Structure formats: structure tokens, C-alpha cells
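Given next are the chains, with one letter for each unit.
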Amino acid sequence: MKVLIVEDNRELAENIHGFLVRESYICEYSFGFKEAQDKIISHPYDCIILDIMLPDGNGLKLLEFIKSKKIESSILIISAKNALDDKVNGLELGADDYLTKPFHLPELNARLKAIYRRKNLGGDHVVRFNEISLNTATLEARVNEQLLDLTKKEFDLLLYFVINKNRVLTRQSIAEHLWGDYADNLNNFDFVYQHVKNLRKKINLANGKDYLGTVYGVGYKFNTHIE
Amino acid sequence: MKLVNKFAAWYLTITTLVLLIGGVIVFRIVVHENDQEEVRRLRGLMRDVVEQLSNKTSLHTLLSNQVSITELSPDVPKVQFHVRDTMGWHSEFQGTERQIKATASHKIGNKHYLISVQSFAPEPEETIAGVVQSLSWIFLLLLLVVGLTSILISKKILSPFNRSLRAMQEFHINQKERIALPQTKTKEFKELNEFLLKMTSKAMDDYRALKEFTENASHELQTPLAIIRGKLELLLDSGISDEQARLIMSAHEAVEKLSRTNQALTLLTKLENHEYESLKAINLSAQLHNIIFSLSELMEMKSISLHTDIEENVMVSFHPSLADILLMNLFSNAIRHNYEKGIIRVKLNNRMLLIQNTGLRPEIPTDQLFQRFKKSNQSDDSIGLGLSIVKRISEVSRFKINYTYDEPWHSIEIGFNRTPQT
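Protein chains in written order, with this note's numbering: chain E, 1 to 227; chain G, 1001 to 1422.
There may be inaccurate statements among the hints.
Stated by the list, open to error - Label-pair distances were calculated between CB atoms; the ranges are: (1) G:GLU1277 / E:ASN144: 53 to 59 angstroms; (2) E:ASP149 / G:SER1303: 20 to 26 angstroms; (3) G:GLU1220 / E:SER24: 40 to 46 angstroms.
Since the hints were made in silico from the structure, they are not lab data.
Values in this document were obtained by computation on a predicted structure and should not be read as measured data.
For glycine and all other residues, C-beta sits at the position ideal for the given N, C-alpha and C.
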């Protein structure tokens, strides 16, 4: 997947880049409106990560430009302005998703993958890893072709793990992924622990391997390198 | 009281006073002038009598009910001319009437006569009645004229003032255009309008600047926070020891808290700037059900039982985002500060929202908990802005909020002022 990061802050762009290259994405940056415009015209991208506040223009204008040129890249808006207006305007102009800064990098990854799945896989909504398969359209999770009885949250959690495999996922990041803005108000993460525990149990019951590792005091990790 | 009415009231009070004092003066002058005239006439009459006596006219022919003459001994000292107010019998009216009596003694030839002349005079009561009557008519006339003119004045002279007033009432700090004030030729109103224009423009500019600052501060702080957060997350993924991971995690949590504090403060500032104004009525019942649904899992985990008494389709004019934040804050507080196996009670109707939860006695008075960074339990991990936000939202939305503690119940009641019905 080829991604263009349009973000005026170099450090932030590098963070995103650093995270995404490990997912074997092809990543490019541009730090301004003009530069981004040039790149978008000359190269096709699967996805454009777009900041609203750019030094030489408004990201929403760039979005309009992309749509007017009928460029088919998916667009994910990232903005510190959590003003409702930006979100509504952005989505109305045809952005695929919206993420408020600051965000967790695994969350960005999950959103990108979701957009990619929706647009590019031609109806194949299944995410697979070894014996695990997740159908994002029907919300069915299977281990060894055996259907798991998962709640919506547990399904989301498993998908989040599979997409961010071999990454340390902090409890906050998981909480925010599952509960969105509600997580802000909850400062104990017992419920994350509870969900992970249930999920692990259900996978074990279906004779799945125990990929879910605990990083003590930090969070969890979906380990693919287990024997 | 309207300005015009105030003017009229003062004017009428002063008029009444002047008329009262004037009435007394008029009465005095009328009585005095009357009496003077009478005295002058009596003096003339006396002169006639004396003259006729000198002409040896018979004393008896001179006597009448106006004139009485007594002879005095020539040794008695002469009586000077003096006037007395008395009462006398009026044969025609068959009653006593006020009389003015002038008395003097005159020595004519070798005789000494004491001469009294008298005449009836109008009584002061009659004069008073006349004065009061005429003044009442004047007063009535004034009342009518003042009433009419005050309406005209209000329409004409005060109209630019009233229009300016209306323009000010309609003024909204976050409106885009400057206010339009009526043209006027009155100097004071001109000055007032200039002042209003200056102040409102300044207020609008300040407001815009503050709003910009808030937005910038939020953006400028969130960006570095996002960078730190991202770097820490990358570091977590870089094959480090568990000990290092925990250190990074602590830093990460602090950044997280900073970020949340910043967001909460930004929200508070926005609330104080009245950036969320909504006159739309929302279905609070539906929103409440949503919140309860999304938090039901958390309540289950803490084995909290929920008792609801929610009227359906309660419509309240409320900004939907604020409603969400308010309900969320109240509920997460009710869960967070609850016991294991505690109880939460929710009641919603057209008048109010009541959320009660079991919990420990707060360490500080409940009303102080609305202040920023005030927490009942200082070691608590929360940032201590939740209730400030709740309070501010209530104020912005013109709700009454009340927090009480009655062992073991924490109750927060939000009274809606004006609830449009569906």
C-alpha cells in the first residue's frame, strides 16, 4: 500500500512514517500544501493522510482539489482541531475517515487498514492470520474454521490485535479503540483486562494458539513468533 | 418603570407640590386682598359717618345694621382705628356670618363718639373651595397634557435610544457583523451610540482573539504532545526490556494526562466563550439511553446495579455535544466514585435530571467539588475538571445544578428551566 503523509510537522510525520514502514507500506511525506498537490498529481497513492492545518493552505482545500481531479486515493484526515465543523466538513467533502490528534499509532494503522479493506479488496472483507480469520462485514471470527462466539467489542479487539501484530498495544490505546471518546473519562483499564481475558479464553476453547502476550504494566502484544 | 413614565411621574409630583404651595399662596392673597378692600370701604364709610356727624346730622338717622355709634365720656382717651374679625348675625341667611368690624372714636365738637362700622365678608372656607376647585381643573389639565406629551416624547425623542437598546439586546458576541445603530441628531444619543459601537466592536475583537488563542493553544500543545506520544509508542515497539517498557509507559501516561487536561481546559474555555449555543431541542431521553448502553459494561464489571426512571421523549434545548459530555461526565463519576456492588439511580423527566450513586463521604464540601482541580480524593487519578465542565455546561445551557450528599447517596440534580414539549 502506498501512503502519502501530508503533515507540516516533521516529527509527527516521521512518527507516522516510522510506524507505517514496519507494516511494509510505501510511505512518502510532504510538509506543505503545494508540495502535496504536486505529489498527488504526479503519483497515485492508495491513501493520503491529511492534516487540516498546513502552513500554506487548508487541508480541506486540498481535499476539494483531490476530489475535483477525480483522484481515487482514500483520505484520512488528522487534525488537532476537534471542532465538530472540521469533522463534518471533511467527511462531507469525501474524506473516508477522521482522526483527532493526538492519536495512537496503532489506531491510525487500524483505520488505514479499514479504509483499504473497504475500498480495495473488492468485497473481500476477510482478514486472516494463520488459523484466525475475521470477516469485517459480518463480524464473524473463526479459528480453525470454527466460529467463535465473540461480542462486538471482543471482535474489534481481536481485529485490532491482528492488524497490529507484534506491536505493543497499550491499555489506553485499546481502550480508546474500543470505546472511542468514552475512554477519556475512564481511568482504570480493568475492563481492557477483562476483555483480553475473555478473548483469550474463547480462542483457547477453539484450540487456537495463545498469541496474546501480556507486557506487564504496559499492555498487550499479539505475538506471531510463538512456537 | 419606563423612562417616560419616570419623567412623567417626577413631573407630576413636582406639579402637585407646586400646585399645593401655590394654592396656599393664592388662598392667602385672595383672602388678604378681599379683607383689604373691605377695610378700605369701611374706612370710607367711617369717614362719611364722621362727616355727617360733623354736619350735625342726627345720630339716629345714621345708625343702621352697618353702623353703630356710642357716645363716650369726653375724658376717655381716643380709640384708634382698628379692624377686628368677628361673627355677626345675618338676618337674611338666618345664621352667623363672618364680619369685619372697624372701630374708632372721634371727637366732634365737644362730644366723643365711638363709631363701629361693619360688613359681612366671605368666609375662608368658601375661598378655599374656590381655590381648590380651580387648581384641580388645572391639575387635571396638566395630567392630560403631560400624559399625552410623554407618549409623544417617548415615540419621538426617545426612539433612537429605544432602537439602540433593542440593537444591544440583539447583540451577540460571536456575531460576525458590527451592530447597526440608528441615526440620531441628539448629542447624548450620538455619544451613546459611538460608545456602544466602540465597546461592541472591542468585545467582538477580544472575543475573536481569545477564540483564536484558544484554538492555537490547543493546536500548538496537542502537536508536541502527539509527537511525544508517537515517539514513546515507537520506543515501546523497539525490542526493549520490560523494565524500560514500564518507564516508557509511565511517561506515556503522564503525556496522556497532560493531553486530557489540555483538552478539558480547551473545552472549558470554549464554554466560557459561549461557543456552544444551541436553541435546538434534543431528545435527552434517547441520548441518556445511549450513554447508559455504552457504559453498561463498565457498570457490570463493578457489579453496580442501575435503577432507572426515565420518561421517554424528554425534549430539552441543549447542544447535542454538550449533552453528551455532560451525561458522560456525570455517569463516569457515578461509576468511578461508587463501591463494588453499589447502586446508581437515574431519574429523568421534563423538569429535571437526577443522578444518584452510592459512594464514600466526600472529604470537602460538595459545592467546592465544582471548582477546578478540586477532588474529594487527591490521590485519585482523574484530572479534576469533570465537575467544573458539568457546572459550566449547565450554566451555558441555563440549567440549575445542585450537588448534595446524604449518606451514602451522592445526588446531582439538574433542573431544566424551560422544557419545550413535543
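To see whether the hints hold, each was checked on the structure:
1. G:GLU1277 / E:ASN144: 53 to 59 angstroms: holds (57 angstroms)
2. E:ASP149 / G:SER1303: 20 to 26 angstroms: Once the Cβ atoms are compared, 23 angstroms apart, the range 20 to 26 angstroms for SER1303 (chain G) and ASP149 (chain E) holds.
3. G:GLU1220 / E:SER24: 40 to 46 angstroms: violated (34 angstroms)
In this structure, only the earlier hint numbered 3 is contradicted, and the remaining ones agree with it.
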